[in-house]
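Since the structure of chain L is already known, use the hints to place chain G on it.
Listed below, chain by chain, are the residues.
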Amino acid sequence: MEHTNEERLKKEFQDMVKKNAPSSNFLKDCLAAFVVGGFICVIGQFVMNFFLGLGVPKEDVGYYVATIMVFLGAFLTGLGVYDNIGKFAGAGSIVPITGFSNSIVAPAMEFKREGFVFGVGAKMFVIAGPVLVYGISSSVIVGIIYYIINLFK
Amino acid sequence: MDYLRAFIVGGTICLIGQILMDKTSLTPARILVSFVTAGVILGAIGIYEPIVEYGKAGATVPLPGFGYSLAKGTIKEVEKYGLIGAFTGGIKATSAGIAAAIFFGYIMAIIFNPKAKS
Chain L
35 MEHTNEERLK
45 KEFQDMVKKN
55 APSSNFLKDC
65 LAAFVVGGFI
75 CVIGQFVMNF
85 FLGLGVPKED
95 VGYYVATIMV
105 FLGAFLTGLG
115 VYDNIGKFAG
125 AGSIVPITGF
135 SNSIVAPAME
145 FKREGFVFGV
155 GAKMFVIAGP
165 VLVYGISSSV
175 IVGIIYYIIN
185 LFK
Chain G
24 MDYLRAFIVG
34 GTICLIGQIL
44 MDKTSLTPAR
54 ILVSFVTAGV
64 ILGAIGIYEP
74 IVEYGKAGAT
84 VPLPGFGYSL
94 AKGTIKEVEK
104 YGLIGAFTGG
114 IKATSAGIAA
124 AIFFGYIMAI
134 IFNPKAKS
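Just so you know, the sequences run in chain order L and G.
This note's numbering puts the first residue of the first sequence at 35, with every later residue one more than the last.
This note's numbering puts the first residue of the second sequence at 24, with every later residue one more than the last.
Errors might be hidden in some of the hints.
What the hints assert, rightly or not - Here are the simulated DSS-like pairs of lysine-lysine, each with C-alpha atoms no more than 27 Å apart in a straight line:
no. : chain 1 : residue 1 : chain 2 : residue 2
1   : L       : 121       : G       : 103
2   : G       : 99        : G       : 115
3   : L       : 121       : L       : 62
4   : G       : 138       : L       : 187
5   : L       : 157       : G       : 138
6   : G       : 138       : L       : 92
7   : G       : 138       : L       : 121
8   : G       : 103       : L       : 92
9   : L       : 45        : G       : 46
10  : L       : 146       : G       : 138
11  : G       : 99        : L       : 187
12  : L       : 157       : G       : 115
13  : G       : 115       : L       : 92
Calculated from the structure, these hints are not laboratory results.
Everything numeric in this text was worked out from a predicted model, so none of it was measured.
Just chain L, with the same shape it has in the complex (with noise of 0.2 Å):
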């Protein structure tokens, strides 16, 4: 009597493992990156097609839609809003632009009470540093190779 009671009990907990294991979720966690991360680059295009009609030059329009964005992005961070959508939508909330400005706004918000030059001013780069690094310095590699490309042309 004791054993089995054991053994359903153990059951009982392997299939609440099961269930709230991430991977069961998995076909919902890519729907939902997948809708709200496209959702999230239809307002992007909305705002390059509003500027495009204004009369900026494509080639210029990047600018405009990145600060759009990025401060769509800070803003509702600031509200409490994004982290709210990041909860549900995952890497679709993460991998746009507004993502950025996220993982800005979020650290440099929570470890303000360390002051505003070590607490806002160095947390905010806790995730856009790395970004910053690691971007950069791919392209000064990549102009070095073009360049040295070039000279054998």
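For chain G alone, kept in the frame of chain L given last:
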């Protein structure tokens, strides 16, 4: 049509990020770093350009688009100014995004306080 393409391309890039997050132990910070770096490489070898042509904001708003701008700006400046362009081009092309992220990020962090975790 623009909007549908942006939705599909942008959604797909985010979907790839989600699959990487669920199936590997990559943290969000590592996803961001690798997506930007991937964008630089794909931009440099000319693979990302057609994705941008097709998906427009769907390709430029996700972080690989940021990397793509870095690479494209660098190559453009190297062509124009030589080797120094490797150092000026990337940040010039992404200056708006970087300055906006620092400025708005700072302002918002000053104005708002973190919400209590529910």
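Status of each hint after checking the structure:
Of the supplied pair hints, the one linking residue 121 of chain L and residue 103 of chain G is violated, its CA atoms being roughly 45 Å apart against a limit of 27 Å. A threshold of 27 Å between alpha carbons decides the hint, and for residue 99 of chain G with residue 115 of chain G the separation of about 11 Å falls inside it, so the pair holds. Taken as a hint, the residue 121 of chain L and residue 62 of chain L pair is honoured in the structure, with Cα atoms around 12 Å apart against an allowance of 27 Å. Annotation: proposed proximity of residue 138 of chain G to residue 187 of chain L is violated, straight-line Cα distance about 57 Å (limit 27 Å).
Distance restraint check for residue 157 of chain L and residue 138 of chain G: the Cα-Cα separation of roughly 18 Å lies within the 27 Å cut-off, and the hinted pair is therefore satisfied. Between residue 138 of chain G and residue 92 of chain L the alpha-carbon distance is near 39 Å, which puts this suggested pair outside the 27 Å criterion. For the suggested pair residue 138 of chain G and residue 121 of chain L, the alpha carbons sit about 14 Å apart, so the restraint of at most 27 Å is met. For the given pair, residue 103 of chain G sits about 20 Å from residue 92 of chain L by alpha-carbon distance, which is consistent with the 27 Å threshold.
Annotation: proposed proximity of residue 45 of chain L to residue 46 of chain G holds, straight-line Cα distance about 25 Å (limit 27 Å). For the hint linking residue 146 of chain L to residue 138 of chain G, the alpha-carbon distance of about 13 Å falls within 27 Å, and the restraint holds. Between residue 99 of chain G and residue 187 of chain L, the direct Cα distance comes to roughly 17 Å. Compliance with the 27 Å bound is thereby established for this hinted pair. Under the criterion of a C-alpha separation no larger than 27 Å, the hint pairing residue 157 of chain L with residue 115 of chain G is consistent with the structure, at around 24 Å.
At most 27 Å may separate the alpha-carbon atoms for a hinted pair to count; residue 115 of chain G and residue 92 of chain L meet this at roughly 16 Å.
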